[in-house]
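S.K.: Please build the complete structure, drawing on both the sequences and the hints.
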Amino acid sequence: MGVVSLKPDYEQHIEIRDRLENFHGNQIVYLHWEEHLSFCAAICFPLPPDMPFGAMVENVLKPHYAAHPDFEKVDWAAVKWTVDNTEITPDMETSLADNGVGHKSLIRFWTPGLHGYKSVGTC
Amino acid sequence: MAAKKLGLKQRYALMTRGLDWETTYQPMDEVFPFDKFEGIKITDWSKWEDPFRLTMDNYWKFQAEKERKLYAVLDSFAQNNGQMGVSDAKYVNAIKLFLTGVSPLEYQAHRGFAHAGRHLRGVGPRVAAQMQSLDELRHVQTQVHTISQYNKYFDGFAEFRHMHDRVWYLSVPKSFFDDARSAGPFEYMVAIGFAFEYVLTNLLFVPFMSGAAYNGDMATVTFGFSAQSDESRHMTLGIEVIKFLLEQHPDNLPIVQKWVDKWFWRGHRVLGLVAMMMDYMLPKKVMSWKEAWEIYFTEAGGALFQDLERYGLRVPKYADVATAEAEHMSHQNWSIFYQYTHAAGFHTWLPSDEEMDWLSEKYPNTFDKYYRPRYEMWREMEKDGKRFYNNALPQLCTTCQIPMGYTEPGDPTTIAFRSSEYKGDRYHFCSDGCKDIFDNEPEKFSQSWLPVHQIFQGNCGGATVPDVLAWYNMNVGADNMDQAGSPDQKIWDAWKTKQEKVAG
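Residue numbers (the numbering used here), protein chains in the order written: chain A, 1 to 123; chain B, 1 to 504.
Hints should not be assumed to be uniformly reliable.
[To be verified] Under the rule of at most 25 Å between Cα atoms (straight-line distance), these lysine-lysine pairs were calculated in the DSS-like manner:
no., chain 1, residue 1, chain 2, residue 2
1, B, Lys-36, A, Lys-118
2, A, Lys-7, B, Lys-41
3, B, Lys-386, A, Lys-73
4, B, Lys-383, A, Lys-62
5, B, Lys-362, A, Lys-62
6, A, Lys-73, B, Lys-383
7, A, Lys-7, B, Lys-36
8, B, Lys-258, A, Lys-7
9, B, Lys-423, A, Lys-7
10, B, Lys-36, B, Lys-243
11, A, Lys-118, B, Lys-362
12, B, Lys-369, A, Lys-118
13, B, Lys-383, A, Lys-118
14, A, Lys-73, B, Lys-369
Derived by calculation from the structure, the hints in this document are not laboratory data. The structure displayed is predicted, hence computed values, not measured ones.
M.R.: Take a look at the structure:
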């Protein structure tokens, strides 16, 4: 494994561009609403690690998904969450970091009973 | 007595062989420092065969003749207002994608082959790489000249070079070539010469050139014809590279196989832009992406890899996944551009009823079930004055740099998420193919310049969308957004009204 390079110390000279310290105190967080693929991919935000999970939901997640016709029907108490493929029951009062959300973590959420337009799962 | 004229073979031998020498002031390994570190073993460079036997003097003569003809056609295209004869104003967006996404790759290929030509110590491949390098430089020039006629009337062309280096989705083709050019010369030759020019080129070139022919774009078709003889030479070079490497030493096989696997998947991802162009952007369709994939990869590629079996080379890893994705890729890509139309350098639109019926017919397994409802939902939203935009930035795949919009093999309702860890950081991928490529060279791909993350780091002109679009040199309201209501559409409608008046 590993890159085959002209110089043996290639690894000493690399510049990892997405290191946490390059984001001015924020960390990168990805959000994804399952079965609502009219949002083509997970969406990406630079957020402070000490932002409460609940504040992220109210101020980041909701405004960006509000355009979807299903949005108004979401029962937020019933939403299922995973962080980096681990199921969690988020504590809305504590920080992203306390809820296990790190730099470049992926938060996926399912809204029971809602499968997008015509329940196709791709809209 | 007058000297006898030399035969073709003799002439080729005299003009292309024996030009090299063993250096004495400096050791050969110092003069050619790049052609051993990749682990490729060459025992006899003279075994390199060039079936074309083209010599430099003939090259110039032949190319000059072709270009005289091409420029005569381009002049007449301009004088006759050829841009007014295309099938529909929407067609022009396909060549915007070509000029911003593909033409700069011709230039990158020119640089790459010049580098390979300098650094391979055998004279045969050096001569071949030099000629291909010149071809690629001519191609970028002639493409720019061909398409320049459209730039006089339509938006989205003027900043193609600047945009190629900066715009988020153009980092997909750009990083593909950056990857190849920063590899060693043998990997470059396998990546571009074999995987791209030989295995996949028909899926790039034929759709654009037939698309041009079907849609009345005589300028671009003529460019295509002019480049055809070069392309067949490039394909021959690509297959020769593989045969030469595999015949030289058995230790080369696993290295070459790994490159073929990597570059097949990289190429497949880049070609997603072509898939979308064929299925959605051509007003008069040539064939579907799925049909093109069947003809040019499944059938032609299948025969090729059968032929290469005698060297122990097998079909690229994940070829079956790529084939299954042919049912989905164009729809998923067009959806990405529709919702990010505000940040695209060409116009978008929803497919008409007639186009949706064509898509149903071409994609009976997937279109009506998974994608038609999406377009119908968006159409309803448009009607209600709520045209759907995605106002956040998408998660990108670290390897191919495309928004992570591709779904799990066998499950079109679930996005495929893959990830790896390297030096304590997480990296995300759209597929097993892209994850494998990262895992094999994490030192290289952990350096990816991902446009979305760069925006958040403050390296792309500012924090807001208008700041970033200004940094792209995007003429907001003209280059981007929907076709309907664009200045492109207005000028087209004005031409058509005038023509009808004259005719009526």
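S.K.: State for each hint whether it applies.
M.R.: Evaluation of the provided hints:
1. B:Lys-36 - A:Lys-118: Answer violated: Lys-36 of chain B to Lys-118 of chain A is near 59 Å, above 25 Å.
2. A:Lys-7 - B:Lys-41: holds (18 Å)
3. B:Lys-386 - A:Lys-73: Between Lys-386 of chain B and Lys-73 of chain A the Cα gap is close to 18 Å, so the pair holds against 25 Å.
4. B:Lys-383 - A:Lys-62: holds (24 Å)
5. B:Lys-362 - A:Lys-62: violated (37 Å)
6. A:Lys-73 - B:Lys-383: holds (21 Å)
7. A:Lys-7 - B:Lys-36: holds (12 Å)
8. B:Lys-258 - A:Lys-7: holds (21 Å)
9. B:Lys-423 - A:Lys-7: Holds: Lys-423 of chain B and Lys-7 of chain A sit about 20 Å apart, inside 25 Å.
10. B:Lys-36 - B:Lys-243: holds (18 Å)
11. A:Lys-118 - B:Lys-362: Roughly 23 Å between the alpha carbons, so the hint for Lys-118 of chain A and Lys-362 of chain B holds.
12. B:Lys-369 - A:Lys-118: holds (10 Å)
13. B:Lys-383 - A:Lys-118: Holds, at roughly 18 Å.
14. A:Lys-73 - B:Lys-369: holds (23 Å)
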